[in-house]
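Spelled out, the chains give:
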Amino acid sequence: MKRYFRELSVVSALLAVLLSLALFAPAFFSPQPLLSLVTREAPTLVVACGMACVIITRQIDISVGSIFSVCSVSAGLLVARGWPLALVLPTSIGFGAMFGAFNGFLVAFLRLPSIVVTLATMVTLRQGLNLIRQGEFVNLPDRVQWFGLSQTTGQLVLVGTALGVLVTLAWAMRHLAIGRYLYAVGTDAEAARLAGIRPQLVTLLVFVFIGALTGLGAMMNLAQSPQVQPLTGNGLELKVIAAVVVGGVAISGGRGNLWGAFAGLLLLACVSPALTHLHVEAYWEKAVQGAIILLAVVADGVRSRQGRA
Amino acid sequence: MSTTTTSAAVCNVPGRNWSKVFTSHEMLLFYVLISEWLFFYFAGTSTNRRGGVVGFGTWDRQFDILRHSCEIGLLALALTPVIITAGIDLSVGSLLGLCAILFGKIWHDGGVPIPVAIGLTLGLGALAGSLNAVLITTLRLPSLIVTLGTYSLFRGLAEAITHGSITYTDFPENFLFIGQDHWLGLPTQAWVFLLVALAIGLLLHRTTFGRAFRTIGLSPEGARYAGLPVERRLALVYVLAGLIAAIAAIIYTARLGQAKADAGTGYELFAITAVVLGGTSIFGGTGSIPGTLLGVAAIAVLKNGLACLPVVMRLNAAEEMSGLLTGALLLIALTASVLPKILSTLRIRHHTSAPSTPQLPR
Amino acid sequence: MSSLLLSLRQLVKNYGGVRALRGVDFDLRAGEVHALLGENGAGKSTLIKIVTGAHAPDGGTITLADQPVAELTPATARALGIACIYQQPALFPDLSVAENIALRLEARAALARIDWTSRLARATDLLARIGAAISPDTEVRDLSMPEQQLVEIACALGSGARIVIMDEPTASLTQKEQHLLYAVVRDLRKNGVGVIYISHRLEEIFALADRVTVLRDGQSVGTHAVGDIDEAGLIRLMVGREVAQIYPAAESAPGATVLSLRGVGCTASGVHEVSFDVHAGEIFGLGGLVGAGRTEIARILFGLTPADSGQVTLAGERVDLRSPQDAVAHGIAYVPEDRRRHGVVLELPIAHNITMAVHPKLFPTTWLRFGAERTLALDYIRDLAVKCTGPEALGGSLSGGNQQKIALARWLATRPKLLILDEPTQGVDIGAKIEIHKIIRGLAQQGLAVILISSDLPEVIGMSDRIGVMGHGTLRAILPGGSNPHTVMAAALGTAA
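Chains as they are written, first to last, in my numbering: chain E, 2 to 310; chain S, 42 to 403; chain V, 231 to 727.
I should point out that these hints are in silico values taken from the structure, not numbers from a laboratory. Glycine is no exception: its CB is placed at the ideal position from the N, C-alpha and C atoms. Any given hint could turn out to be false.
Derived Cβ-Cβ restraints for the label pairs, each shown as a range [what the hints assert, rightly or not]: (1) G92(S) with Q228(E): 43 to 53 Å; (2) L195(E) with D458(V): 38 to 48 Å; (3) F30(E) with L341(V): 34 to 44 Å; (4) L341(V) with D143(E): 33 to 43 Å; (5) E503(V) with S385(S): 22 to 32 Å; (6) S37(E) with M68(S): 37 to 47 Å; (7) V281(E) with V153(S): 20 to 30 Å; (8) L279(E) with Q103(S): 44 to 54 Å; (9) L356(S) with D143(E): 28 to 38 Å; (10) D105(S) with R552(V): 46 to 56 Å; (11) S385(S) with S233(V): 42 to 52 Å.
Okay, chain E solo, but in the shape it has when bound:
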């Protein structure tokens, strides 16, 4: 129990928020809006799973928002051109993986700090996209909407996919050797190397992985609206990092798990509607997000100092 104290405290906070919503704004729980909310967050969850892996390895990737935008727009353009969805999906994933590989190569083999590399990639991709698209939207054909299914079915499919990714990944991180390597490399890359693991390869793969997941998320985003705008991924990285950090994944690497990240994501997702129902303006969202990140990091810092002392 002590082991999962951090994750449990996030879950408690989540339950507290849900409880107060149930009491003061029961409208929050009406099925259709709730399903829509959860569906909107499904792509974010998928990316958050990847981000948790990256941060556990003691790296960071702030370019996911731009990768998301690029993949969304590219996928949208391909679909608009008549490509079958079955082909566009792997293409989007592949695109994301490709950008991830670029980041990963620079970090793993050129030994550059991931914050600066992904900062540069983030801006380059975003501005490159703006240059090419000039802010133009991509209108999507009807067959993309909800993958051609009815709205409710489509929403359930999307949520199901996100949950499926979460469960599969959580299982893999516990039960596959490579999942454990993430923790070893994130704790002490040198000791991991001496134990026979290859930290550089692991680092490269984790960036490719988050890129691929971002591509998947982009496709999931595509199915939800009639058009794609180039700004679609803006702010995604902060949202995802906040969720993951709040959920107990330490920025110093080596600890945390996906369930905590999931709880963190749900908590942060509830904050926005909770603010609305409390008649607080939406403009407080970024401030609250930032404050939550800081609180989570401070709490972790204080806790580890107490443990060490």
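With chain E held as given, fit chains S and V onto it using these hints.
Showing chains S and V alone in chain E's frame:
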């Protein structure tokens, strides 16, 4: 066996003889700057129908470059000591926005005279910087995540205060003078920028503070064993960064004549790129203000020169191109800075164990 | 039945100019516990590094189970069944005990499915075999140091090694845990494993080992069955004859008391009940074996790990040293043991290194005065005879001895009342050693109070006016300078002389 190789590697770290640093990297950058300027001069200047010169090669344009580069330049100056201590501050751009809004609000809603408003804003900027400072030095939290959090918090506060839409305008003439007019031949804000550059330059290169920053960046433990007040010095760089971001906010507001919540968005990338271009190592321990100034100049010329190129004007894509190229430039600069180390490591790899992947600092 | 597991003949190893091993003979039989004894610097760790494949010898032969071995690397050593348990456990703190053991012992493919049940079972089994009451689920960060040590032992056990090297395994264990360890060692012996057991505890060696080899100055000076020799005999072998090196003698009597410790301790670093005085003009040596607590005393006095018990008095005034700044303000200077990481900043020029601790005095307005700095640096370069190309040369370009001089210069510039030197001549060539000794005596002559921490027995005995011998975190004895090495060693080992 491994110890002697390591010491050899340390001695061969590129350009770490101080006189060399001041000649090789900065000189290289200087040549790049000159070439860049010349390129834009020839490609971006033309004559209009009346036979006058327009485009890049005009005095107006050059002053504009100077004017526009002051804010990013100030942020770059603020970030140089931070990066030298092997830290980072992602919140400076957001803080610029927050301070601009606070200034507007204090003057507009508070009705205080402009100089008082400026003073209060500077104080608030330093206070915000001290939030970063406390979290990073007292709680020993990684500067990366702390400033990522404040990056969001500060911008969020700016948006919340203005309800996303309020813009403060109608500033008095003598205030706008700071941002839009000239003084003794140069744009007014250029004087402020030069003053701050001088102050930070002296601090970094001529005082014990600068020495302490360098030592902390090279070896925080070594600094501690030498009796240096590590926490106090680290706190100083972040408070300074906040203060300078506030100065940049004042200038920004004066230049545009308005204070909006999105002021300074994306500026941190340009600032970091300028600092890294200028020769400051992202890993800490080395860096110079002249280098940062050259880096700022290079980026400013790039940004503004692009806007003068006919092809870019036709596409109306000046901002996108400059962002794109700056991002690419940062990647190239980073790669170039580590390439010598990588190549020498590959050569001596079979003698020692391979160094591990860099990770976020604890 | 005993067959030879390991045989080392005439092993030679040089590090730069230092001859760490000068022809060592050693062999290990199956089912034997062979103790390795020797003072610091005798060559024990070098020997271990060679056997585990970390370093290659410069001469001599290694034979494993009657097969000569041309080249050993850490990987091949492991594959050949050689395991080593070091003093510092090298586990992943955020992973569980079971996982740490598994990472150490499993050979795996990246996409291999992890069998947690078998991992847990194996960990439980290994931990039970050594009698450790540790749950395999626990995160290593929640274990104490001794418990982590036990996990390391479990790993070694599980690796099925035929040769197990233990480097001072009981150094951080409690009584109970020590007995657990002895049982493990006996168990290993019963199973035909050969154990190389490095220890300073003579009673342990007599209780556990079958044979003991003593190393001195890089050579094996004697291998005996444990029943054939006694404590005195072992000490005699360790210490040998007096090394005829001349140390500069004190020319005047010590002056007033500068430093006074009464009952000083720091729970975190394991130091307790330390009391001694140091006078002006005196060199107080702190001797003892590695881990005795000498550097910990220095760290307490320098404010790095403040004391939580006892009293420190400096020049008659009670002081509370909570940080290095406090220490410096009171006139305490510390030249640390780790020269390259803490003593000198290698990437900075000599001048910057020398002035690093005197910013408030040399640059009172915080404005740097390069001329004054250069003059100061040149003065010290001259006074300490530092061989360099000038004050702008980088710290990393100097030899070990010269780096040590720079580290010393930094602190001399602060004009301290008390100077603590931690292993000042470690890794320094003989010429520079003699120079540094002269410098230290000269400083004492000028009225400085000096604490000299050294693992070099002749150096401590030769240089000090009085010797505080430490062991297990406390001061065991205060002996006069020039004491019989036998007496000093006996005090360090905690036995009667």
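Now the hints, each set against the structure:
Between G92(S) and Q228(E) the beta carbons are some 49 Å apart, a value that agrees with the proposed interval 43 to 53 Å. Distance hint check for L195(E) and D458(V): the Cβ-Cβ separation is about 40 Å, which falls inside the suggested range of 38 to 48 Å. Hint check: F30(E) to L341(V), Cβ distance near 42 Å, so the stated range 34 to 44 Å holds. The given range of 33 to 43 Å is respected by L341(V) and D143(E), whose C-beta atoms sit roughly 40 Å from each other.
E503(V) and S385(S) have their C-beta atoms about 51 Å apart, which leaves the hinted 22 to 32 Å range violated. Our hint of 37 to 47 Å for S37(E) and M68(S) is violated, since their Cβ atoms are close to 60 Å apart. Against the hinted window of 20 to 30 Å, the Cβ-Cβ separation of V281(E) and V153(S) comes to about 28 Å, which satisfies the hint. Distance hint check: the CB atoms of L279(E) and Q103(S) are about 53 Å apart, consistent with the given range 44 to 54 Å.
With their beta carbons about 33 Å apart, L356(S) and D143(E) fall inside the hinted range of 28 to 38 Å. A hinted range of 46 to 56 Å for the beta carbons of D105(S) and R552(V) is consistent with their spacing of about 55 Å. Take S385(S) and S233(V): their Cβ atoms lie about 47 Å apart, and the range 42 to 52 Å holds.
Taken one by one, the earlier hints fail for this structure at numbers 5 and 6, listed in ascending order.
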